[in-house]
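Protein chains: 2
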Amino acid sequence: MNINALWNLSYGVYIASVWDEERPTGCVVNSAMQITAEPATVAISIHHDNYTNGCIEKTGRFALTVLSLNSDPAIIGTFGFKTGKDVNKFDSVKYDIKNDMPILTDGCAYLICEVINKMETDTHTVFLGKVLDADFISKEEPMTYSYYHKVIKGRSPKNAPTYIELENGEENIPLQKREKYVCSVCGYEYTGDIPFEDLPEDYVCPICGQPKSVFIKKE
Amino acid sequence: MNINALWNLSYGVYIASVWDEERPTGCVVNSAMQITAEPATVAISIHHDNYTNGCIEKTGRFALTVLSLNSDPAIIGTFGFKTGKDVNKFDSVKYDIKNDMPILTDGCAYLICEVINKMETDTHTVFLGKVLDADFISKEEPMTYSYYHKVIKGRSPKNAPTYIELENGEENIPLQKREKYVCSVCGYEYTGDIPFEDLPEDYVCPICGQPKSVFIKKE
Numbered sequence: 030m031n032i033n034a035l036w037n038l039s040y041g042v043y044i045a046s047v048w049d050e051e052r053p054t055g056c057v058v059n060s061a062m063q064i065t066a067e068p069a070t071v072a073i074s075i076h077h078d079n080y081t082n083g084c085i086e087k088t089g090r091f092a093l094t095v096l097s098l099n100s101d102p103a104i105i106g107t108f109g110f111k112t113g114k115d116v117n118k119f120d121s122v123k124y125d126i127k128n129d130m131p132i133l134t135d136g137c138a139y140l141i142c143e144v145i146n147k148m149e150t151d152t153h154t155v156f157l158g159k160v161l162d163a164d165f166i167s168k169e170e171p172m173t174y175s176y177y178h179k180v181i182k183g184r185s186p187k188n189a190p191t192y193i194e195l196e197n198g199e200e201n202i203p204l205q206k207r208e209k210y211v212c213s214v215c216g217y218e219y220t221g222d223i224p225f226e227d228l229p230e231d232y233v234c235p236i237c238g239q240p241k242s243v244f245i246k247k248e
Numbered sequence: 030m031n032i033n034a035l036w037n038l039s040y041g042v043y044i045a046s047v048w049d050e051e052r053p054t055g056c057v058v059n060s061a062m063q064i065t066a067e068p069a070t071v072a073i074s075i076h077h078d079n080y081t082n083g084c085i086e087k088t089g090r091f092a093l094t095v096l097s098l099n100s101d102p103a104i105i106g107t108f109g110f111k112t113g114k115d116v117n118k119f120d121s122v123k124y125d126i127k128n129d130m131p132i133l134t135d136g137c138a139y140l141i142c143e144v145i146n147k148m149e150t151d152t153h154t155v156f157l158g159k160v161l162d163a164d165f166i167s168k169e170e171p172m173t174y175s176y177y178h179k180v181i182k183g184r185s186p187k188n189a190p191t192y193i194e195l196e197n198g199e200e201n202i203p204l205q206k207r208e209k210y211v212c213s214v215c216g217y218e219y220t221g222d223i224p225f226e227d228l229p230e231d232y233v234c235p236i237c238g239q240p241k242s243v244f245i246k247k248e
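In the order they appear, the protein sequences are chains Y and A.
Residue 58 in my numbering sits at position 29 of the first sequence, and the numbers go up by one each step.
Residue 74 in my numbering sits at position 45 of the second sequence, and the numbers go up by one each step.
One chain only, chain Y, in its complex shape:
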């Protein structure tokens, strides 16, 4: 079995959002799909350890913001590599309220869903949501997971269904001769024209916002 073949499944990149009492919270989701057309229902898969999971469980609702090719990649850092237990992820993004639910404005579409069923697995809950409201936010093209990996060069957070443990420094990214610097928090690889060492000291990871000091040189 070559488990890497599962990387050939295609996904979008979404922010699942929900109320945590009075404040909004959420996380990155790539496993989301439409299940039925009439009534429109969608399924999403969220890890048990994601704080968002418990909030959806409690409130019975979730929203999905579809990220676009032009969405700020820092959104993925905030919603994919930080936890809503510790930080208010919505502090750093613009958001709007639709059908009483929080959605990000930096996307191309949103869906508001009511949980009508769920299926448990060892690690993830599959929530089935009836679509209560949906609309376009912009005319931008949706971001695909493949685009995120190839162009933005992020790496899946550990709770993602698509996460694969890298063995002994094994890399999905083709090796280049130039020294590589990788963010130790989110896995972002610096690929700018300026050598990494020459970047200003206030440089931060464009994905997760961590300082230059968390970057490590890859051999």
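I should point out that these hints are in silico values taken from the structure, not numbers from a laboratory.
Any given hint might turn out to be false.
Identical copies look the same in the list; a pair holds intra-copy or inter-copy alike.
[Claimed, not checked] Here are the simulated DSBU-like cross-link-like pairs (lysine-lysine), alpha carbons at most 30 Å apart as the crow flies:
#, residue 1, residue 2
1, 87, 247
2, 159, 179
3, 168, 209
4, 147, 87
5, 87, 127
6, 247, 168
7, 147, 159
8, 168, 179
9, 87, 159
10, 209, 246
11, 127, 168
12, 179, 247
Given the structure of chain Y, go ahead and fit chain A onto it with the hints provided.
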């Protein structure tokens, strides 16, 4: 609510295949996603009316072939617009047996899954499958549903979760002044350089293989 916003969810294009007694059968699936990483499990959504649904129910297994950008679009016609009740869809394609299951060779990857759970909706069954085997078939890029719609200009079969009833001849395709001919079986729109009327009489729809006579002129 603007239900068209759901078109911004991203998908691949897959053939779900299964044994129907001694012969292989299957159908097009776009709603497929990984649910958990360890053990690797995937979910697919299949309409109750699809013959494949009952066969998966009966055998407890399914395979997924991931179509690539170079896969023959006629596969989508055969597996998306014909029914396995009436025809042996595998008669017109090359296939292989992996882990005792039939897969198409004209794709970029395959997965063999054992059904471990399912969730029913009004119209579709969501099958949760533990991945028993997976591998690449080729190095081609996976076909996305968006690519299929934009480039191959197909239309969803009625049983697809993403199917949307077109109202009063409303079209998703931008209007052009030239007369348009559309296959009445699968919705394929002819866009070749030769005027449709001048095509040879043995012209067949490249998607579903139906003859020239089933094409209708759109006003």
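Results of checking the hints against the structure:
1. In this assembly of identical chains, the alpha carbons of residue 87 and residue 247 never lie at most 30 Å apart, being 42 Å within a copy and 50 Å across copies at closest.
2. With identical chains, the CA atoms of residue 159 and residue 179 are at most 30 Å apart between copies only, with a shortest distance of 27 Å across copies and 32 Å within one.
3. With identical chains, the CA atoms of residue 168 and residue 209 are at most 30 Å apart between copies only, with a shortest distance of 26 Å across copies and 36 Å within one.
4. For the identical chains of this complex, residue 147 and residue 87 are neighbours both inside a copy (13 Å) and across copies (23 Å), given an alpha-carbon limit of 30 Å.
5. In this assembly of identical chains, residue 87 and residue 127 lie within 30 Å of each other by CA distance solely inside one copy; the values are 19 Å within and 43 Å between copies.
6. For a Cα distance limit of 30 Å, the shortest separation of residue 247 from residue 168 across copies, 27 Å, qualifies, whereas the shortest one inside one copy, 39 Å, does not.
7. In this homomeric assembly, residue 147 and residue 159 come within 30 Å of each other (Cα to Cα) both inside a single copy, at 12 Å, and across copies, at 17 Å.
8. Taking CA atoms no more than 30 Å apart as the test, residue 168 paired with residue 179 passes in both settings, with 22 Å inside one copy and 15 Å between copies.
9. In this homomeric assembly, residue 87 and residue 159 come within 30 Å of each other (Cα to Cα) both inside a single copy, at 16 Å, and across copies, at 28 Å.
10. Taking the shortest Cα distances, residue 209 and residue 246 sit within 30 Å of each other inside one copy (6 Å), while across copies they are farther apart (58 Å).
11. Proximity of residue 127 and residue 168 under a CA criterion of 30 Å is satisfied intra-copy only: 18 Å inside one chain copy versus 42 Å between copies.
12. Taking the shortest alpha-carbon separations for residue 179 and residue 247, only the intra-copy value of 19 Å comes in at or below 30 Å, while the best inter-copy value is 40 Å.
Checked against the numbered hints above, the structure violates only hint 1.
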